[in-house]
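K.L.:
Modelling step: build the complete structure from the supplied sequences, incorporating the hints.
Protein sequences, first through last, are from chains A and B. Counting in the numbering used here, the first sequence runs from 1 upward without gaps. Counting in the numbering used here, the second sequence runs from 1 upward without gaps.
The reader is advised that the hints may include incorrect statements.
What the hints assert, rightly or not - Below, simulated DSS-like cross-link-like pairs (lysine-lysine); rule was C-alpha separation at most 25 Å, straight line:
1) B:Lys321 with A:Lys321
2) A:Lys119 with A:Lys155
3) B:Lys49 with B:Lys153
4) B:Lys153 with B:Lys119
5) B:Lys153 with A:Lys340
6) A:Lys321 with B:Lys287
7) B:Lys310 with A:Lys321
8) B:Lys340 with A:Lys310
9) B:Lys310 with A:Lys310
10) B:Lys155 with B:Lys180
11) A:Lys324 with B:Lys324
12) A:Lys321 with B:Lys324
13) B:Lys180 with B:Lys49
14) A:Lys310 with B:Lys287
15) A:Lys180 with A:Lys110
16) B:Lys77 with A:Lys324
17) B:Lys287 with A:Lys77
18) A:Lys187 with A:Lys153
19) B:Lys321 with A:Lys310
20) A:Lys251 with A:Lys187
21) A:Lys251 with A:Lys49
22) A:Lys40 with A:Lys180
23) A:Lys340 with B:Lys324
24) A:Lys287 with B:Lys77
25) B:Lys324 with A:Lys310
26) B:Lys310 with A:Lys340
27) B:Lys340 with A:Lys340
28) B:Lys310 with A:Lys324
29) A:Lys49 with A:Lys110
30) B:Lys310 with A:Lys287
31) A:Lys324 with B:Lys340
32) A:Lys49 with A:Lys119
33) A:Lys382 with A:Lys149
Stated by the list, open to error - Covered by chain A, per the in silico footprint, the following chain B stretches (three or more residues, Cβ under 8 Å):
34) 118-131
35) 139-153
36) 311-318
37) 323-336
38) 416-422
Derived by calculation from the structure, the hints in this document are not laboratory data. Since the structure is predicted, the reported quantities are computational estimates derived from the model, not experimental observations. Think of the CB as a built atom: it goes at the ideal place given N, C-alpha and C, for glycine as much as any other residue.
As a plain string of letters, each chain reads:
2 protein chains.
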Amino acid sequence: MPRRSMAHLMSLGSQVAGLTSPHGSLPRLIPTSSRYSSSKPKHGFKPGKIAVVTKTTRYEFEQQRYRYAGLSEEDLKHLLAMKGSSYNGLLERHNIHTNNVDHIVKSLHKEGIDVQVVKRGEYDSDVVQWADAIISAGGDGTMLLVASKVLSKDKPVVGVNTDPERSEGHLCLPVKYTRKFPEALGKLCRGEFRWQWRQRIRLHLEGTGINPTSLDLHEQQLSLEQHSQAHRITTMDNQQKMGILNDSVSKPSLLPIRSLNEIFIGESLSSRASYYEISVDDGPWEKQKSSGLSICTGTGSKAWSYNINKLAEQAVNEILKIGKYQTGLDIPLNRQFIEKVTDEYNESLVFSPEDRRLFFSIREPIVNRVFSSSRQRGFASKVCVRSRCWDACMVVDGGTSFEFNDGAIATISMSEEDQLRTVLLDN
Amino acid sequence: MPRRSMAHLMSLGSQVAGLTSPHGSLPRLIPTSSRYSSSKPKHGFKPGKIAVVTKTTRYEFEQQRYRYAGLSEEDLKHLLAMKGSSYNGLLERHNIHTNNVDHIVKSLHKEGIDVQVVKRGEYDSDVVQWADAIISAGGDGTMLLVASKVLSKDKPVVGVNTDPERSEGHLCLPVKYTRKFPEALGKLCRGEFRWQWRQRIRLHLEGTGINPTSLDLHEQQLSLEQHSQAHRITTMDNQQKMGILNDSVSKPSLLPIRSLNEIFIGESLSSRASYYEISVDDGPWEKQKSSGLSICTGTGSKAWSYNINKLAEQAVNEILKIGKYQTGLDIPLNRQFIEKVTDEYNESLVFSPEDRRLFFSIREPIVNRVFSSSRQRGFASKVCVRSRCWDACMVVDGGTSFEFNDGAIATISMSEEDQLRTVLLDN
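P.N.:
Okay, here's the thing in structure tokens:
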């Protein structure tokens, strides 16, 4: 057991629920269903086999941890109290979630649908293969994980927010369906819904310094140490399976994962600068030093990428103030106007989930004699990145991590077949 | 030995030189010596005992690594070639550095000064105690480390850039003195210089989840795994020494370190969001979720904090374009004007090294139903932070790292006695 104070064993506050989407998503600034195109189904949708993938609640997570640490349930309660968390509170959220899962499963059974309930840790390509459709029962993080393993655009994925009071659930159905799931099923059956396709990212990896075996960051709640260790252990177990040796140059391999939000590339250690080379749309390679690189989809343009690029009113106020002073023009600087300009700027960062373009953002570029940056962000069809990092990772949707060290080359692109088929139900 | 491909053993490119200051510093946009106050010395400065602290060159670093890995010098050459680096190139930079160190030492000896040459890994409070003044022989990273252990404002620290072609050297003397050190010594002796005091940050740590033993990030070139492991090993070795137990609440302890650039607080894993509470100038505690928190000095306002807050012309152009459209005013949008406004905005982020205020910046704040942010950045006299993190650290000047997990409380402030005494010589 890692030598940590008992106090450390209890932490996270609302993190487990929130951690799955480190940067979550925007509150609904823009009515998504009305703004982006979607299509009416040709007929009703009544799948024969549905897999329900459930999140790990914080209560379950802490239980697993205390069992591992050899603590009793009484110890668990005590430790949680010490950290200002409540055992009863965690249990309550856990029960809310499991009751909502039961509600979903019962509703499905009532319609004669064959159901397989799978914990997120057990969810794999065999489950995807078996199911006609997959329901994510959790929050946005669970939805991201569920979607990541669905490679086909014909297999629908539906997210149900099993704890609306705690989860943002931007990728999930409207919250009313959580306790009225039969209503959702009825609409699906009668074709009273629209299909929405969310364009996703595909990844090719090649070169030295790669490790095609990924790590699930959420399931494992890893410390930095465990993160690197886990990368190596899974490598040793799977090396032959993957047939790729780390110290030989290998041809580009398409990873069996699709990204719904974004790819983040950077040094694993948050205080270390990332060195890499980037080529946008087959342009010239450019050496860069920054805090990392984000490449997002339209769906992801409301998530981490949004947080990287958005401006605070404070900054907009300052820009307009300087503009006013420099020009002598009567540019308004009242709160209302600043808010208006800020909102318009920030909204311009968001684009359609169906857009076939990627959006790359260099986070905190470091410009000096050696490193330059022609464009800090922009749209592209393809982005290639060559790592010059020491101990970096490529993180998919904040949840799945691949080693990406010096010599590795990633090609990040989109293909029409990578779309995720999801369901739009009216509120 | 960590299981890494041989290819991985060779990496970093120019990182070792650059890594010491992950975010380096701005090119000299602002003539520092003329803009900020400094003071004429009352008399010449001729210390009897000088410690010269030297950086670890990349060549030395790779040598240490290959010895550890059991590789021969021939293997080293081969691996470097594979990574596109040059053994001869590294050796050349190493020789340039060591020749410059020899030049400094000879110049000091010629003046009858008692000299102790110390590698950065051996530099400690005993060396500081012994010396009348300390010379940092390396780049900005070495200067940051050297300064961090000097707690008194009476002990001068002078930086000499031992590889001007590769190092930015913003905290060092003008580059001409690297090969003409006797000239610098002469001026010091005759009082033909000015003292400059750089205000620094002091840290108090308390609560559960702290570990007052720090980790030198540069000396160890740690992977994530080694980072956490090292934190724990040093804890076990030093626990009794420090007299602080992790699982008991302890009174605030003033750390034996001062920060010249900034404190960064956040999850160690770059893709994980940081949860914490912050209180500015004894104001109310505010829960926050973000990519981390930076608190910098005037000196540091040109370093990482600058990179976090600066805007690209792209963004400024967009703001002014929106402002123009919204007001109908004839706001210029030509390249020259955008550049002017951008430069003015970015320059406003920089403040005097002698300023006794801290500047805090919340990096990528995540605003949703639960978390809000009243001010994204601003000046303060004191900032308190309570960690709600899983595996976070408090990093001083990008080089020294302290564990800072759930329950830990840091008080970040400045005191007049924390100033660093440095020397200003004319170009």
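K.L.:
Taking only the CA atoms, is the gap from B:Lys310 to A:Lys310 under or equal to 25 Å?
P.N.:
Roughly 13 Å between the alpha carbons, so the hint for B:Lys310 and A:Lys310 holds.
K.L.:
Measure nothing beyond the straight line between the CA atoms of B:Lys321 and A:Lys321; if it is 25 Å or shorter, mark the hint as holding.
P.N.:
holds, 14 Å
K.L.:
Against the 25 Å threshold, does the CA-CA distance of A:Lys180 and A:Lys110 hold or violate the hint?
P.N.:
Holds, at roughly 13 Å.
K.L.:
Are three or more residues of the segment 323-336 of chain B within 8 Å, CB to CB, of chain A?
P.N.:
holds (count 7)
K.L.:
Please verify whether A:Lys49 and A:Lys119 have alpha carbons no more than 25 Å apart.
P.N.:
holds, 17 Å
K.L.:
Between A:Lys324 and B:Lys324, does the CA-CA distance stay at or below 25 Å?
P.N.:
holds, 11 Å
K.L.:
Does A:Lys153 sit within 25 Å of A:Lys187, going by the straight-line distance between their CA atoms?
P.N.:
holds, 21 Å
K.L.:
Mind checking the alpha carbons of A:Lys382 and A:Lys149 for me, to see if they're no more than 25 Å apart?
P.N.:
holds, 21 Å
K.L.:
Are three or more residues of the segment 416-422 of chain B within 8 Å, CB to CB, of chain A?
P.N.:
Result for this restraint: violated, n = 0.
K.L.:
Can you confirm whether chain A covers the segment 118-131 of chain B, using C-beta to C-beta distances below 8 Å and requiring at least three such residues?
P.N.:
Not satisfied, violated; 0 residues make the cut.
K.L.:
Has the given pair, B:Lys153 with A:Lys340, been kept, meaning a C-alpha gap of at most 25 Å?
P.N.:
Cα-Cα ~48 Å, so violated.
K.L.:
Given the hint that A:Lys340 pairs with B:Lys324, does the C-alpha gap stay at or below 25 Å?
P.N.:
holds, 13 Å
The structure is inconsistent with the numbered hints 5, 6, 16, 20, 21, 34, 35, 38, although it conforms to all the rest.
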